[in-house]
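Undergrad: Protein chains in written order, with UniProt numbering: chain A, 1 to 322; chain B, 1 to 322.
These are calculated hints, taken from the structure and not from any lab test. Think of the CB as a built atom: it goes at the ideal place given N, C-alpha and C, for glycine as much as any other residue. It is possible that part of the hints are untrue.
Across the chosen pairs, the derived CB separations fall in these ranges [said to hold, decoys possible]:
1) B:D309 - A:V237: 30 to 40 Å
2) A:A264 - B:T116: 43 to 53 Å
3) B:I320 - A:E260: 42 to 52 Å
4) B:E306 - A:E260: 20 to 30 Å
5) A:N5 - B:R98: 18 to 28 Å
6) A:V237 - B:I320: 37 to 47 Å
Negatives, chain A to chain B, calculated, CB over 10 Å [unchecked claim]:
7) P72
8) L99
9) L146
10) T149
11) T153
12) L167
13) E199
14) P286
15) G302
16) F312
Okay, derived cross-link-like pairs now, EDC-like style, lysine to aspartate or glutamate, Cα gap no bigger than 16 Å in a straight line [claimed, not checked]:
17) A:K73 - A:E242
18) A:K37 - A:E217
19) A:K313 - B:D299
20) B:K117 - B:E106
21) B:K313 - A:D299
22) B:K185 - B:D239
2 protein chains.
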Amino acid sequence: MSKDNLLNLLEAEAGKYVSGEEISQKLQVSRTAVWKKIRKLTSEGYIIEAVPRLGYRLSGKPSHLSVHELLPKLNTKSFGRALHLLDVVPSTQDEVRRLADQGAAEGTLVIAEQQTKGRGRMGRSWASPKGKGIWMSLLLRPPVPLPLTPQLTLLAAVALSRGISRLVPITIGIKWPNDLLVNGKKISGILLESAAEDERLRYVIVGMGISVNLDPEDYPEELLEKAISLKMASGAVIDRSELIAVILEEFERLYALYLEQGFAPIRSLWEAHSVTLNNHTVLNTPQGQVQGIPRELDDMGGLRIELEDGSFKTIYSAVIDS
Amino acid sequence: MSKDNLLNLLEAEAGKYVSGEEISQKLQVSRTAVWKKIRKLTSEGYIIEAVPRLGYRLSGKPSHLSVHELLPKLNTKSFGRALHLLDVVPSTQDEVRRLADQGAAEGTLVIAEQQTKGRGRMGRSWASPKGKGIWMSLLLRPPVPLPLTPQLTLLAAVALSRGISRLVPITIGIKWPNDLLVNGKKISGILLESAAEDERLRYVIVGMGISVNLDPEDYPEELLEKAISLKMASGAVIDRSELIAVILEEFERLYALYLEQGFAPIRSLWEAHSVTLNNHTVLNTPQGQVQGIPRELDDMGGLRIELEDGSFKTIYSAVIDS
């Protein structure tokens, strides 16, 4: 049985329930095989209700992003105006890097329905199933010196957090430097790639992965304790186009504010959203473990940790466990 | 007349002088044409003495770097141990970037006899004629966070300056951040390219261009006021292999010191070699012009400028004219 036969059968019933028994007979396969194929379809973005005694009902198809749908929603000057919407791509970061090296303009955006080699922080892989998340990379050419790049990492976290909150009624906390959490579980990862010549930034690529409409079965079991989607957190399916539009709008607004007024306003916003500050934290840095209580950001975007002896240490690079 | 005919003629005379008159007659060309071809040969690295009444004498041929000659001189653990010696290449930086993306080890070095697209700071082109200079790029994978990259820029300047001084008896001053000057004229340019993911440096490529045995005629006229070669400054032809070896040795030693003890010792050495400190300076930054007296480096590697009102401003990215 191909899953397409199952899909045809469910579609033919136009929104009515079809029992597992009936499917099993019509397609001449076991009940277990039916259940497996149903699971495969839901993992691809089909919404199939399963009700005991009634059976299965197709109530939604995978949504596909389209440029025609997205562009009219954009309320930005440059962010997302050069838009590359791709189906499957190894990594949206690599795609933007290629465009950047060819001279692409600030605001250039690559969105993919699916990534086959999506990367997270520290080279970790990142689940990006088709049609259910937002996997996108934005090109910036900020006229700021290289040492201030951490400020952009923090800015991206604030932009994403505030953008999402405009559309989805959930409380988002930022774990230093840029993980977004809901009830302690990760909903989004951000990865900034930067290229510089001496102290001059050539470009920064902001990679954003947002778990939008993923269902629990889309996650490997060991991740379910640590990760959650916006749909799982809010109980509602989110329109990805609208979400992309509000995120880009918020990002462009904060970026302009940053270029005009510097880091101070971004720093205040980040600190207000942070779940890292004022909690005892263990930080694994390239130079070894640091324990203490993060108290604030410094002017450069580093994290100021109060150590046990009352002295302060500023950290720019670390992994925080848990 | 091809210049090879001229070369054959000079070589046939084996170190004796040949008058311009004689060359002109034998090759059946004008005296002006002879002079032009002589100039072309010297620009390729041939050393031709021209003495009034006596004529021209071939006293040296272009030197070619060879791995067999260079490797035994290297007194390093990793710097230059993976060595790629190329004849002509668009840019040694691009070559190392390609190797870095393929996972090349720290210390990997690319040297080219000639670059066709050598780049300097701010995308400026850089004269790199064949066989007369050192154009090389070194791969580093420093376990330091991104904001500290300016320290590596300063470290490179100190390493190059001290390496050269071990072989050539000249006084070198460092113009912030990393130009090397002799009597106010530039002998070397350094360009650091860095690639990072978030605050973690993936790699740094240190591009070094050193004007070793260039003659005045190798420079465009407008550059002669601003640039000078080691040969022009010291009066002696420098062995390029030996120079590469001492620079790599010095660089590796200072890099190890930096990783072990941090920026403090590098900072002291840089400040001791600096010609920028304590002189009134105009700095063109991305945010506009800053005027003042640079007083010291800060802990991150930024330049602390004393402004007219006595307050201090730290600069990370700027171009200093003159």
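Undergrad: All hints, please: hold or fail.
TA: Quick rundown of the hints versus the structure:
Checked against the hint of 30 to 40 Å, the C-beta distance between D309 of chain B and V237 of chain A comes to roughly 59 Å, which is inconsistent with it. At roughly 46 Å, the beta-carbon separation of A264 of chain A and T116 of chain B lies within the given 43 to 53 Å, and the hint holds. Taking 42 to 52 Å as the suggested C-beta distance range, the pair I320 of chain B and E260 of chain A does not conform, at roughly 26 Å. For E306 of chain B paired with E260 of chain A, a C-beta distance near 27 Å keeps the hint of 20 to 30 Å intact.
Take N5 of chain A and R98 of chain B: their Cβ atoms lie about 49 Å apart, and the range 18 to 28 Å is violated. Between V237 of chain A and I320 of chain B the beta carbon distance is about 57 Å. The supplied range of 37 to 47 Å is therefore violated. Annotated as non-interface, P72 of chain A keeps its C-beta farther than 10 Å from every C-beta of chain B; the closest such distance is 34 Å. The non-interface label for L99 of chain A is consistent with chain B: the shortest C-beta to C-beta separation is roughly 16 Å, beyond 10 Å.
With a least CB separation of 6 Å from chain B, L146 of chain A falls inside the 10 Å interface cut-off, contrary to its annotation. Chain B draws T149 of chain A into its interface by the beta-carbon criterion, the shortest separation being 6 Å against a cut-off of 10 Å. Its beta-carbon lying about 6 Å from the closest one in chain B, T153 of chain A breaks the requirement of being farther than 10 Å from that chain. With a least CB separation of 26 Å from chain B, L167 of chain A remains clear of the 10 Å interface cut-off, as annotated.
Against the 10 Å criterion, E199 of chain A falls within the reach of chain B, whose nearest CB is about 4 Å from its own CB. Not every C-beta of chain B lies more than 10 Å from that of P286 of chain A, the closest at about 4 Å, which undercuts listing it as non-interface. At roughly 7 Å, the least C-beta separation between G302 of chain A and chain B is not larger than 10 Å, which violates its mark as non-interface. For F312 of chain A, the condition that its CB be more than 10 Å from all CB atoms of chain B holds, with the nearest at approximately 13 Å.
Between K73 of chain A and E242 of chain A, the direct Cα distance comes to roughly 7 Å. Compliance with the 16 Å bound is thereby established for this hinted pair. A threshold of 16 Å between alpha carbons decides the hint, and for K37 of chain A with E217 of chain A the separation of about 13 Å falls inside it, so the pair holds. For the proposed pair K313 of chain A and D299 of chain B, the alpha carbon gap of about 13 Å is at most 16 Å, so the pair holds. Proposed proximity of K117 of chain B and E106 of chain B is contradicted: the alpha carbons are some 24 Å apart, above 16 Å.
Under the criterion of a C-alpha separation no larger than 16 Å, the hint pairing K313 of chain B with D299 of chain A is consistent with the structure, at around 13 Å. Taken as a hint, the K185 of chain B and D239 of chain B pair is broken in the structure, with Cα atoms around 21 Å apart against an allowance of 16 Å.
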